[in-house]
Amino acid sequence: MEFQQLVALMPWTIILQICNLLLTIYLFKRFLLKPVQKILAQRQELVNSELNAAEEAKREAEQAKEEYGKNLEGAREEAAALMRSAAQTAQTRSEQILLEAKQEAAAIRAKASDDIARERKNAVNEIKSDISEIAVSIASKVVEKEISEKDHEALIQDFIDHMGEAV
Amino acid sequence: MKLEVNGAPIYFEIPILGGIPITGSLVVTWGVMIVLTILCAWLTHDLKVRDISKRQAAAEKIYELLYGLVHDNMGEGWMHYLPLVTALFGLSISCSLSSLLGFWSPTADVNTTLAWALVVFALITYHKIKGHGIGGYLKGYTEPIFLMTPFNILGEVFTPVSMAFRHFGNIVSGYVISMLIYAALITANHLLFGLLPGAVGEILAEIPILGVGIPALFSLYFDWFGSFIQAFIFCMLTMIFIATAED
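Protein chains in written order, with my numbering: chain A, 1 to 167; chain B, 168 to 414.
These are calculated hints, taken from the structure and not from any lab test. Cβ coordinates follow ideal geometry from the N, Cα and C atoms, glycine included. Be aware that one or more of the hints could be misleading.
[To be verified] Just the calculated beta-carbon pair ranges, DEER-fashion:
no.: 1; chain 1: B; residue 1: ILE301; chain 2: A; residue 2: ASN52; range: 17 to 25 Å
no.: 2; chain 1: B; residue 1: VAL202; chain 2: A; residue 2: GLN63; range: 57 to 65 Å
no.: 3; chain 1: A; residue 1: LEU40; chain 2: B; residue 2: PRO311; range: 24 to 32 Å
no.: 4; chain 1: A; residue 1: ALA53; chain 2: B; residue 2: ASP213; range: 53 to 61 Å
no.: 5; chain 1: B; residue 1: ILE205; chain 2: A; residue 2: VAL7; range: 28 to 36 Å
no.: 6; chain 1: B; residue 1: LEU371; chain 2: A; residue 2: LEU40; range: 57 to 65 Å
no.: 7; chain 1: B; residue 1: ASN173; chain 2: A; residue 2: LEU40; range: 45 to 53 Å
[As the list claims (entries may be wrong)] Below, a list of computed lysine-lysine pairs in the BS3-like style, where the Cα atoms sit at most 27 Å apart:
no.: 8; chain 1: B; residue 1: LYS221; chain 2: A; residue 2: LYS34
no.: 9; chain 1: A; residue 1: LYS29; chain 2: B; residue 2: LYS215
no.: 10; chain 1: B; residue 1: LYS228; chain 2: A; residue 2: LYS34
no.: 11; chain 1: A; residue 1: LYS128; chain 2: A; residue 2: LYS111
no.: 12; chain 1: A; residue 1: LYS38; chain 2: B; residue 2: LYS221
no.: 13; chain 1: B; residue 1: LYS228; chain 2: A; residue 2: LYS29
no.: 14; chain 1: B; residue 1: LYS215; chain 2: A; residue 2: LYS38
no.: 15; chain 1: A; residue 1: LYS128; chain 2: A; residue 2: LYS141
no.: 16; chain 1: B; residue 1: LYS215; chain 2: B; residue 2: LYS228
no.: 17; chain 1: A; residue 1: LYS38; chain 2: B; residue 2: LYS297
Looking at chain A on its own, in the form it has when it is part of the complex (with noise of 0.2 Å):
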């Protein structure tokens, strides 16, 4: 077999070998560099639209948390409304009920103390209608016959007319 020697030029082997760095960038290139380029740069998508949603989670979240927070607020201004209101309707109630119940012990009062007269004068008229038969009795007993109770019924009436007042 022939051999060149150690230190020799080859303007062929140069020639072919450019072409052949040439082709080795293209084949490096079409089947180490661009494949995993590729794969990165879809990995890289895939991080980054991972990030977005989970950006995006996060601010509804937000959102939700704030509109829960401003509900929360209304309802407790609604309950606090409704206590007071309710406090009211019932302070409302209770002055009326007293105000029913003064007017209803004052009316009871007033029937009350109408019936103690009526019934002392009752009393009274009785008291004077048997005083004036037992006076009569009395009378005609003392004075036997003498006096008629018809007669004397005037002087009698005037005497336990002075009798009641002083009762």
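Starting from the known structure of chain A, fit chain B onto it as the hints suggest.
Just chain B now, with coordinates in the frame of chain A:
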């Protein structure tokens, strides 16, 4: 013992254009290209975004290392040189290491390294002209004074020449030294076991007992270390020269 140190074997000539010799450098380079292409295709087939295989992890790691190398030495705006640097590194290291499998190292042929250096030189010149304009580029040869022009031209020409010869010289010296060491060990083997009397000495002298192990130790430095460091240096110089050409 007669020791011959030859260059690349010439397998045959294509009888056109005055004869194109097909040398061992070319054949081994083609073989390396085929192996590297199959390796790359195997590494990068069926890539996934998640739940990646070890094979894909290796592919991505290689990519990241190369990307980091180019990014750190050239910068963000020069990433389109990643394929060139990858090709130079891959070819250089594979061609140098092919000697471990008993093949001829294409990088022990100055024509291979010179071809690569010429491509780099063309790119350096392109970026110099792009950065300074054709006038500025030519004017650069007359600085600091016009008397320096011949030296500037020499300096420019020697950029690719020094790159080519640095790489070639390191690999070929390893090749030559390995051959010398092996030949020396064979000779020593003959002498040492030839001292034994009778047929035992004759038989043992023919078996290269000393040739076992010791060359492998030297190969560790000349083949493995030398191959890696020369591929690395060649790529570093390529990146630095191209990236600074426009300044």
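Check the following: the C-beta atoms of LEU371(B) and LEU40(A) are separated by a distance inside 57 to 65 Å. 60 Å, holds
Take a quick look at whether LYS38(A) and LYS221(B) sit within 27 Å of each other, Cα to Cα. Holds: LYS38(A) and LYS221(B) sit about 18 Å apart, inside 27 Å.
Is 53 to 61 Å right for how far apart the beta carbons of ALA53(A) and ASP213(B) are? Violated: the Cβ-Cβ distance is about 27 Å, outside 53 to 61 Å.
Taken at face value, is the distance from the CA of LYS141(A) to the CA of LYS128(A) at most 27 Å? 19 Å, holds
What's the verdict on LYS215(B) and LYS228(B), does the C-alpha distance respect the 27 Å limit or exceed it? Roughly 14 Å separates the two Cα atoms, so the pair holds.
Between LYS29(A) and LYS215(B), does the CA-CA distance stay at or below 27 Å? 19 Å, holds
Does the Cβ-Cβ separation between ILE205(B) and VAL7(A) fall within 28 to 36 Å? 33 Å, holds
Regarding the pair LYS215(B) and LYS38(A), is the alpha-carbon distance no greater than 27 Å? 10 Å, holds
Status of the given 57 to 65 Å range, CB of GLN63(A) versus CB of VAL202(B): Since VAL202(B) and GLN63(A) have Cβ atoms about 59 Å apart, the given range 57 to 65 Å holds.
Cβ distance range 24 to 32 Å for LEU40(A) and PRO311(B), holds or violated: 47 Å, violated
Against the 27 Å threshold, does the CA-CA distance of LYS38(A) and LYS297(B) hold or violate the hint? Not OK: LYS38(A) and LYS297(B) at ~31 Å, beyond 27 Å, violated.
Take a quick look at whether LYS228(B) and LYS34(A) sit within 27 Å of each other, Cα to Cα. At roughly 14 Å apart (the allowed maximum being 27 Å), LYS34(A) and LYS228(B) satisfy the hint.
In summary, the structure is inconsistent with hints 1, 3, 4 and 17 from the numbered list given earlier, while agreeing with the others.
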